[in-house]
Amino acid sequence: MPYTLKPTKAFDVDNESTEYLSTHVTAEDRWVMNFGPQHPATHTTLRLVLELDGERIARCTPHIGYLHSGFEKLGEHLDYNQYVTIVSRMNYLSPIANDICWHHAVETLFDVEITPRCKVLRTIMAEIARCQDHLLCTGAAALDLGAFTGFLYVFNVREKIYDICDFISGQRFHPDWTRVGGAMMDLPDEAMFKKLVKALVNEEIPRAVDDLEKLVMRNRIFLDRTVGIGEITEEEAIAWSLSGPIARASGVRQDLRKTEPYLCYADNWDGQGAEAVKFKTPIATEGDVYARFRVRLEEIKQSLEIIKQLIDEIPGGPINVFSDSKMTIPPKSEVYGSIEGLIQHFELVMTNRGWDAPVGEAYGANETANGELGYFIVADGGPRPWRVKTRPPSFINYQMMAKITEGHMLADIVATLGSLNVVAAELDR
Amino acid sequence: MLTSTHSSIARPCCIPRSHIPTPRAVLSGLGGSPAPLIGPPLPQNAHLAYDASPMNSQLFISIHIILIVIHVILITVAYLIYLERKISAYIQDRVGPNRVGPLGLLQPLADGIKFMIKEDYQPHGADKYLFSLAPIAIIIPALIGWAVIPWGGYWDFPGFTVPLVGWVLEPSRVLIAAANVNIGIIYLLAVASLGVYGVTLGGWASNNKYSFFGALRASAGMISYEIPLGLSLLAILLVAGTVHPQSIIESQVAGGWYIISQPIAALLFFVCILAEANRAPFDNAEAEQELVGGYHTEYSSMRFALFFMAEYSHMVTSSAFLIVLFFGGYHLPFIGLTHPAATGLLAVGAKFFVLYFKVLLVISFMMVIRWTVPRIRWDQVMKLAWNNLIPAGIALLIITSVWVYLGWTAWWQLLGMNALLTVLIIALMPLLPRSQTNRKAQLAGSRFSPLPGEQVSTAPTSSAARDDQAPAVPSRETVGA
Amino acid sequence: MLLAVSDLSVYVPIGILVLMAVGFAVANIALTLIIGPSREGAVKGQAYESGMNPLMSARKRFNVRFYILAMIFLLFDVEVIFLYPWAATFGQMSPQTPEGAVFLGRIMFFLFTTVVAFIYAYRKGVFRFD
Chain A
1 MPYTLKPTKA
11 FDVDNESTEY
21 LSTHVTAEDR
31 WVMNFGPQHP
41 ATHTTLRLVL
51 ELDGERIARC
61 TPHIGYLHSG
71 FEKLGEHLDY
81 NQYVTIVSRM
91 NYLSPIANDI
101 CWHHAVETLF
111 DVEITPRCKV
121 LRTIMAEIAR
131 CQDHLLCTGA
141 AALDLGAFTG
151 FLYVFNVREK
161 IYDICDFISG
171 QRFHPDWTRV
181 GGAMMDLPDE
191 AMFKKLVKAL
201 VNEEIPRAVD
211 DLEKLVMRNR
221 IFLDRTVGIG
231 EITEEEAIAW
241 SLSGPIARAS
251 GVRQDLRKTE
261 PYLCYADNWD
271 GQGAEAVKFK
281 TPIATEGDVY
291 ARFRVRLEEI
301 KQSLEIIKQL
311 IDEIPGGPIN
321 VFSDSKMTIP
331 PKSEVYGSIE
341 GLIQHFELVM
351 TNRGWDAPVG
361 EAYGANETAN
371 GELGYFIVAD
381 GGPRPWRVKT
391 RPPSFINYQM
401 MAKITEGHML
411 ADIVATLGSL
421 NVVAAELDR
Chain B
1 MLTSTHSSIA
11 RPCCIPRSHI
21 PTPRAVLSGL
31 GGSPAPLIGP
41 PLPQNAHLAY
51 DASPMNSQLF
61 ISIHIILIVI
71 HVILITVAYL
81 IYLERKISAY
91 IQDRVGPNRV
101 GPLGLLQPLA
111 DGIKFMIKED
121 YQPHGADKYL
131 FSLAPIAIII
141 PALIGWAVIP
151 WGGYWDFPGF
161 TVPLVGWVLE
171 PSRVLIAAAN
181 VNIGIIYLLA
191 VASLGVYGVT
201 LGGWASNNKY
211 SFFGALRASA
221 GMISYEIPLG
231 LSLLAILLVA
241 GTVHPQSIIE
251 SQVAGGWYII
261 SQPIAALLFF
271 VCILAEANRA
281 PFDNAEAEQE
291 LVGGYHTEYS
301 SMRFALFFMA
311 EYSHMVTSSA
321 FLIVLFFGGY
331 HLPFIGLTHP
341 AATGLLAVGA
351 KFFVLYFKVL
361 LVISFMMVIR
371 WTVPRIRWDQ
381 VMKLAWNNLI
391 PAGIALLIIT
401 SVWVYLGWTA
411 WWQLLGMNAL
421 LTVLIIALMP
431 LLPRSQTNRK
441 AQLAGSRFSP
451 LPGEQVSTAP
461 TSSAARDDQA
471 PAVPSRETVG
481 A
Chain C
1 MLLAVSDLSV
11 YVPIGILVLM
21 AVGFAVANIA
31 LTLIIGPSRE
41 GAVKGQAYES
51 GMNPLMSARK
61 RFNVRFYILA
71 MIFLLFDVEV
81 IFLYPWAATF
91 GQMSPQTPEG
101 AVFLGRIMFF
111 LFTTVVAFIY
121 AYRKGVFRFD
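Protein chains in written order, with my numbering: chain A, 1 to 429; chain B, 1 to 481; chain C, 1 to 130.
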């Protein structure tokens, strides 16, 4: 081709429409890099294999399997009460939400209606767990962008939530609080519980959320880093079966608390015509990292509203639906103080005894902080399930990772990963 | 060996005590009109006067200043790390270091010992010589940058005979600075440019991808921010008419601090020194959440400590320059002891502490910024430099030179010029083309953001990504330097 | 103020300072080499890449964009350096003199060429930093 001295587009090259320079790069010139599993921003053991063109991500391949613990297989060896200790380990951000969801599924299998008192307490704890999860996620969103301070402001409050978990169950981190048909025990001191929850709901969480909002919500740097990053459209969210705040940030009107109500989210939850708790489900339409951040912060506020409606209305009565202690482990004072209690305990704890479950299949799902968490149980009648399948929200949401990061920069990986709030323990059940 | 070519220049005589200005006199010196300083005017080129002995007074004092100030700076650097941890703790509602010694005050010592007894490891793939050279290359510019800062102004040296050798140092007026060179500010720019070598070499020599990314980001960022730094300095030099730091301070005392008359230049300069020292929000080179450790990922023990100390020494040096150029250096209004015309020993000490205290204030402000704002992404950092700061700097330079030509150099006239420029920038902002910062680029081989018309394949495009098997562990023999 | 100084004694302290900085760095590194432990290992010698085996060498061609940026920087930095002597001298001149006007006019032309070069580079998309 003859060389012309006068190119067709000499001076007036448009800044935006100029072809991206390194599209001439062949694939073998790309940089290939591991991002994780031992990386500060992957929070846990995730691994992304990135093919980089300059700082742009040409291809992002998520790998999982670095935190495999055989959680689902363990479900076939532990009975319906024992397995709650495993499900809470699947989610180290808000373990009590997993406890509640697991026994929701088991009670669906058993076809048990729990007592109103238990429903209220479980609803309160589920909403506290939602706050717990969102507080970490929104704080980590700031942390991943380099704002360490905002993270610690909201992380402080989680300590108070641990105090409440400790108070009701005796364990800070993994409460393992629920049991089939109720909870491991009633509140040790109802007035104290109310006091703790009210302090949390009225002062501590609003203050922390307010601090975080002031720090980053309208910060120009934060906006530049999050707006338009990792966009998911409504159609994509439905097609990839996303759920929870990630789907709602893309405009999907879906919330299990509204569409398939359970606990106190359903009308007539106490059998005497009580109304369902009133709350709004925040929806955003942009579908980017910033929209997810806003939706999560708004959900915290709505959770606080729910807790405020319920905390003064805790009904009396038993917390366990099985009052004959055929299915509930008797209190320790009875176990050590009377022969009947000891036998009762023995019957329930021995692996070849216990009670028998109905034969059948059941799926129970809750709206947890990350989205729809479901347990599918196949029961063959024994004290243990034949098979437990988990529908973890993070695993489904994490599929989007490659799609929404390709074409963005290396630094946007951390922002996107933080906004998806991936819990690695849920990826490898 | 040192022959004097300036013997014709009269050596300044001592200023009598009565000429130390009263507060009232200094107050008049701060006014809009350039009122003459109290006392005899400093002779032209006073700082160039030397005599023929192998050791003249200025050299003698300079060496002592070096010996004192380098220790002050090294101890300051050690305690800046403590200060940073305390400030971050107070911001984040924590306690901070409080275990070692009272209030944790011995923490820097413990850190130093820990750095010393850690293993100094070098990965096999690293370039042996460059890997060792990088920490040295970064600490040198960090430790020599402050040489031209006049810590205490002029001092009337009373004369001294060095024992044993018998060199007679005659009474003269000396500058309390490590080097009384007349290129002053240009020396700062030269040394600041050298700082990029250590980062680039360290990142490249490590044979680590995170380090390499950090090095690229740092080198691109540091060189880009040198240009607005230079432009903002030019705006000061035009008004001051000198590059000698001491003369710049004197002109500020006479005509008002330059933070008042050139606020845009001060802002540009502050942003640039943040970027030059790799401080947040421009700490992309060592972004922990993206690049683990950035350019010093592979460094350990004392070599890592040298990188660390270099960052903090850069902060000290650049803050000192910010103070000298914009905040009147060692001068405090209404305090006669800090006036340039006060040349007693007490005045020198007072000036040193005033400058030191101002530097600490600026550094604390930098730390508060670091623990408050998120990090700007790398491309946004670069766009800020090239699309915003450099055009603003050029505009400031042009308009300042016109103002200087017209002779409008009183502080209110320059402030008006800055206000005019701000209005112009705000008015022009909506007319400029906006670039989409967070767009998705279309890339060959991408599954979800491919080039238009490209056949999308789901297999990895690069053979390195395809081959997920562990490669043979490279040994020192096979990789080599 | 930018007088040529043949008396180089003012630079002696800077030389001393450089020597002290080098000595400080070398002494520290030497000390930690002596005091610190030293153990070798095949896996220990690998470059850190999030705990996995490195997928490829880091000694590879990289995006050309950095090269362009370095060239543009050289251009601008040299121009800024040219401006320093002018700025120091121009600041000392008495205002509104004919010589001053000539001084100003020349440097304005110089800056004009800079601005044209800047706009050209901008339109070429050099400052997009993708």
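Source of the hints: derived by calculation from the structure; they are not laboratory data.
It cannot be assumed that every hint is accurate.
With a straight-line Cα cutoff of 25 angstroms, these simulated SDA-like cross-link-like pairs (lysine to any residue) come out [claimed, not checked]: (1) B:Lys-383 <-> A:Gly-228; (2) C:Lys-44 <-> B:Met-116; (3) C:Lys-44 <-> A:Leu-74; (4) A:Lys-389 <-> A:Leu-74.
Simulated DEER-style distance windows between Cβ atoms [stated by the list, open to error]: (5) C:Ala-27 <-> A:His-68: 44 to 52 angstroms; (6) C:Arg-39 <-> A:Gly-337: 55 to 63 angstroms; (7) C:Lys-60 <-> B:Val-368: 34 to 42 angstroms; (8) C:Arg-39 <-> B:Tyr-79: 52 to 60 angstroms; (9) C:Arg-39 <-> B:His-64: 50 to 58 angstroms; (10) B:Pro-452 <-> C:Lys-60: 23 to 31 angstroms; (11) C:Val-102 <-> B:Ala-254: 56 to 64 angstroms; (12) C:Arg-39 <-> A:His-68: 26 to 34 angstroms.
Being a predicted model, the structure only gives us computed values, none of them experimental.
Backbone N, C-alpha and C define an ideal beta-carbon position, used for all residues, glycine too.
Evaluation of the provided hints:
1. For the suggested pair Lys-383 of chain B and Gly-228 of chain A, the alpha carbons sit about 17 angstroms apart, so the restraint of at most 25 angstroms is met.
2. For the proposed pair Lys-44 of chain C and Met-116 of chain B, the alpha carbon gap of about 20 angstroms is at most 25 angstroms, so the pair holds.
3. With a C-alpha separation of about 36 angstroms, the suggested pairing of Lys-44 of chain C with Leu-74 of chain A is violated against the 25 angstroms cut-off.
4. Of the supplied pair hints, the one linking Lys-389 of chain A and Leu-74 of chain A holds, its CA atoms being roughly 11 angstroms apart against a limit of 25 angstroms.
5. With their beta carbons about 49 angstroms apart, Ala-27 of chain C and His-68 of chain A fall inside the hinted range of 44 to 52 angstroms.
6. Taking 55 to 63 angstroms as the suggested C-beta distance range, the pair Arg-39 of chain C and Gly-337 of chain A conforms, at roughly 60 angstroms.
7. Separated by about 40 angstroms at the C-beta atoms, Lys-60 of chain C and Val-368 of chain B satisfy the suggested range of 34 to 42 angstroms.
8. At roughly 33 angstroms, the beta carbons of Arg-39 of chain C and Tyr-79 of chain B sit outside the given window of 52 to 60 angstroms.
9. Taking the beta carbon of each, Arg-39 of chain C and His-64 of chain B are about 45 angstroms apart, not inside 50 to 58 angstroms as hinted.
10. In this structure, Pro-452 of chain B and Lys-60 of chain C meet the distance hint of 23 to 31 angstroms, their C-beta atoms being roughly 28 angstroms apart.
11. For Val-102 of chain C paired with Ala-254 of chain B, a C-beta distance near 28 angstroms fails the hint of 56 to 64 angstroms.
12. Between Arg-39 of chain C and His-68 of chain A the Cβ separation comes to about 32 angstroms, which falls inside the hinted range of 26 to 34 angstroms.
Checked against the numbered hints given earlier, this structure breaks hints 3, 8, 9 and 11; the rest are met.
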